[in-house]
Amino acid sequence: MTSANLSLPAAAGGRRKIARMRLLRRATPWLFCLPAIVFVAMFFGYPIVQNVVMGFQEYTTSTFYSGEAPWVGLSNYATILSSYLFTTTLVNTALFTVGSIVFQFVIGLALALFFKRNFPLSGFLRSLLLLPWLLPLIASSAVWKWLLDQESGALNQFLGLFGVPAVPWLVDPTLALIGVIGVNIWLGIPFNVAILYSGLQAVPKLLYEAGSLDGAVGWKAFRHITWPNIRPVVSVVIVLGVVYTLKVVDIILGLTGGGPANSTQTLATDAYNASFVEFNFGEGAAISNILIVVSLVFALVYLYISRREPNE
Amino acid sequence: MRTAQKRTGRAPKVAVAAAALILPATLTACGGAAASGTESPNTLTVQDYLDPSRDPLYQACAKEVGVTLVISHVAGPGLIRKVLQQSSSRTLPDVLMLDNPDVQQIAESGALSPLSDYGIRGEGMLPAVVKAGTYAGKLYGLAPAVNTLSIFYNKEMFRAAGITTPPKTWDDLRANAKRLTTQDRYGFAMSTINTYEGTWQFLPFMWGNGGTEQDITTEETVQAVQFLVDLQNDGSMSKSSLIWSQDDVIDQFIAGKAAMVVNGPWQIPALQEQRDVQWGAFTIPTRLPTQTTVAPLGGEVYTVPRTADRAKMAKAGRFVQCLVSPEQQLQTAKVAQNVPTTPAVAEQAGRSNPALAPFVTTVQNARSRTALLGPDWPKAATKIYNAVQLALTGKAAPAEALRLAQGD
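Those sequence lines, one after another, are chains A and B.
Residues in the first sequence are numbered consecutively from 21, following our numbering.
Residues in the second sequence are numbered consecutively from 14, following our numbering.
One or more of the hints may lead you astray.
To be verified - For lysine-lysine, the following BS3-like pairs were computed, each having C-alpha atoms within a straight-line distance of at most 27 Å:
#1 Lys76/B x Lys165/A
#2 Lys347/B x Lys144/B
#3 Lys168/B x Lys408/B
#4 Lys165/A x Lys181/B
#5 Lys347/B x Lys165/A
#6 Lys37/A x Lys136/A
#7 Lys252/B x Lys392/B
#8 Lys408/B x Lys191/B
#9 Lys408/B x Lys144/B
#10 Lys396/B x Lys165/A
#11 Lys151/B x Lys168/B
#12 Lys270/B x Lys168/B
No wet-lab data here; the hints were simulated from the structure.
Please build the complete structure, drawing on both the sequences and the hints.
Now the structure itself:
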C-alpha cells in the first residue's frame, strides 16, 4: 500500500504517457481517414442531406433572396406521384436504361471479342472506337440532332437512297425514345469495350490451350472459359452502366428536351426541368431523391457483388 | 430566354446541362463572383443576356447620369440561374435586365426595388408593358422597346400560288398554307417545341380566339389546338415543328422550305441580309373576321435590384429612366428592330421602318403573359406546351390533351 503510494507519482506519469500513446495509436487510423471523411461529408454528404431536406420544402425563386423555404411535408412527393407524367417518366427511365444497357453490353462484348484477335491495325481501330467518349456530350448530341432530322438529316437522306420515306426520328413519340436510346448506345459502347477488353486480356491463355485439347473451341470456349472468367468484370460494367444511364440528362436535353409530348422525359430530365426551368427546386429535389434511391439500390448491388468476388 | 432570341449571334441551343442531382443543393451554398459593391461609387454594373450592340446605348445613358459602366452579357438560358445565385449571395448587379415574364417572379422574391422610388411611373407607355413590369401594384421594370409575333411570308411564293392578299382568318390561312405546300416545302411553319418558346408561339392562336390561361380546357383553346392539328394533318405544317425553336423556323423560311412562318421582329436583321428572299409580314389571322389579333408581348425590361448601396441604387434608377426615355426608345428600336414602348414613338419608328409596321400595330393589342397569373405564369406555360405537344403527336385529341395537361 505504502510502496504503491510512494511509487504513484512516477507510475502515474508513466501511465498518463502510456494512456496518451494508446489514445494516439487508436486515433491514428481515424486521423488518416479524416481528409477522406471531410471530403465525403462536404461534397457528398452535405449535398445529399440538403437535397433530402429540400424535397420537403417549398423551395422557389423567392427562397434565394429571402432564405425562407416553408416546410411542406410530403406535398412535393404527393404532387409528383399524382402527376399524369410520373408513370410516363418512370417507364421511360426503365426503357431507356434497359435498352441502353442491353445493346451497349452486347455490342461492346462482341467488339471486345473481335479485337481480342490481334489483327493488323486492331490497336488503332480500338482507339478510334473511344472517340464517342472523348467528344463533349453537348456537341455530339447537337450533331446527332442534325443527323436524325426528318427533312434534311443525313440518316434519312441515306435511307432515301433505298426508297425509304422520311422517318420522323425525333418527332414521333415512339421513335424519339428509340432514337435517344440509340444515341446513348453509341455513346456507351466505348466504355463497355474498354472494360470488357481489359477483362478478356486477363483470362489466362493456358486455359484456352488446355480447353482446346478437350474440344472447347469457338462458342464452347466462350461459354465455358471466357464467360466464367470475365463474369466479375461483366457485373461491374453492367451495374456501373445502369447507374450512369439512370442519371443521363445531357443527351436527352440536347436531342429532344424530353419531348415530343414528354415521350423521352426520364426521372433525371424531369428533375432538371422542375429545378432549372420551372425553378421549383422543392419538386426537383423530390424527383431526384427518388432517382437517388433507385441508383442507391444498384450501388448496393455493386458493393455486394464486388465484396463477394474475391472469395469465389 | 423565354420568349424570343434577340441576339444576332445564337445562344447555345441546349441549356448547359448541370448535374441535376447535386446542383440544387450546392446552388444555395455558392454565390457568383461579386458583381457590385467593389467598384467606385460612380461605377454601375449592368447585366443582360443581349449582345454588345447594346453597349453604345448603355454608354450614352451612363454619360447622362455621370457614371461608368461594367457591362456583362450572359447567355440567355443562364440568366435567371445567375440572378438566383446573386440574390442569395447579395451580389446582384446595379442594373438588371430581365425577360418580361420573369419580372414578377423575381419581384415576388423581394430582390428588386420599386421604380417609383426613382420617380419612374411609365407615363404614356403602352399599358401592357407597364402591367408586365408591375407586381402587387408596384412597378419594378420597364422596357425601352418590345416585340410580338406576326407571320413572315415569302412574296414570290405567294405570287406563284396566285395569292394576292394575306389571309385574314384561320380558314384563309389554312387554305393558303395548303396551296403553298409543295413536295419540298411546307406552306406554314411555327415552333411548338416543348419549352416556353412553344407556348409563346401558340398564344396568338389561343388568345386571339378568346382562350385563357386560367382554364385551358375551354372551347376557344380547344379550337386553337385543333387548328394546328388540322394544319399538320393537311401536310401544310411539318411534324418537326415539335422540335423546332423559333430560330430553326426562320432558318426553314430563309432556306425556302416554308412559305409562311410565325416569328418576331428581332429576325428582321437576319432577313434583310437575305437578298434573294422577298419577304413581308402580316398580323396573325383570327378564327373569325370579327375577332382582333391578341399576341403576347415580348421584350426585355430593366430593373434596379436591391443592393446595400442606396446612393448607387438612385443612380441606377436614373440610368433606367434614361434607358426608357423616348430618344433611347427610338435608338433601341433601331438596334434591336423592336417596337418602342411609347405609342407615339412607336408610330414614328413604324413610319421610318416599313418592315416593322405590322408589329407596331400588333403590339398595341398585345398582352403580357403574366397579366392574369402573375408569378404563376410559368406553371400555366408548361401546361400549355404539353397540351399542344400531346395533341400534335396524336397522343390525345385536343380537348383531351388540354384536360390532361391541366391536370384536373
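Hints, verified against the model:
Annotation: proposed proximity of lysine 76/B to lysine 165/A is violated, straight-line Cα distance about 46 Å (limit 27 Å). Between lysine 347/B and lysine 144/B the CA atoms are separated by roughly 24 Å; this keeps the pair inside 27 Å, and the hint holds. With a C-alpha separation of about 36 Å, the suggested pairing of lysine 168/B with lysine 408/B is violated against the 27 Å cut-off. A C-alpha spacing of about 36 Å is found between lysine 165/A and lysine 181/B, which places the hinted pair above 27 Å, so the restraint is violated.
Taking the CA atoms of lysine 347/B and lysine 165/A, the gap is about 35 Å. The hint is violated against a cut of 27 Å. For a cut-off of 27 Å, the pair hint linking lysine 37/A to lysine 136/A is broken: about 62 Å separates their Cα positions. Restraint check for lysine 252/B and lysine 392/B: the C-alpha separation of about 25 Å stays at or below 27 Å, so the hint holds. Only pairs whose Cα atoms come within 27 Å are accepted, and lysine 408/B paired with lysine 191/B is accepted, the gap being roughly 24 Å.
Of the pairs offered as hints, the one joining lysine 408/B and lysine 144/B is violated, with about 37 Å between alpha carbons and a cut-off of 27 Å exceeded. Distance hint between lysine 396/B and lysine 165/A is fulfilled; the C-alpha atoms sit about 25 Å from each other, no more than 27 Å. The suggested pairing of lysine 151/B with lysine 168/B is violated, with an alpha-carbon distance near 45 Å, which exceeds 27 Å. Simply put, lysine 270/B and lysine 168/B have alpha-carbon atoms about 14 Å apart, close enough for the 27 Å limit, and the pair holds.
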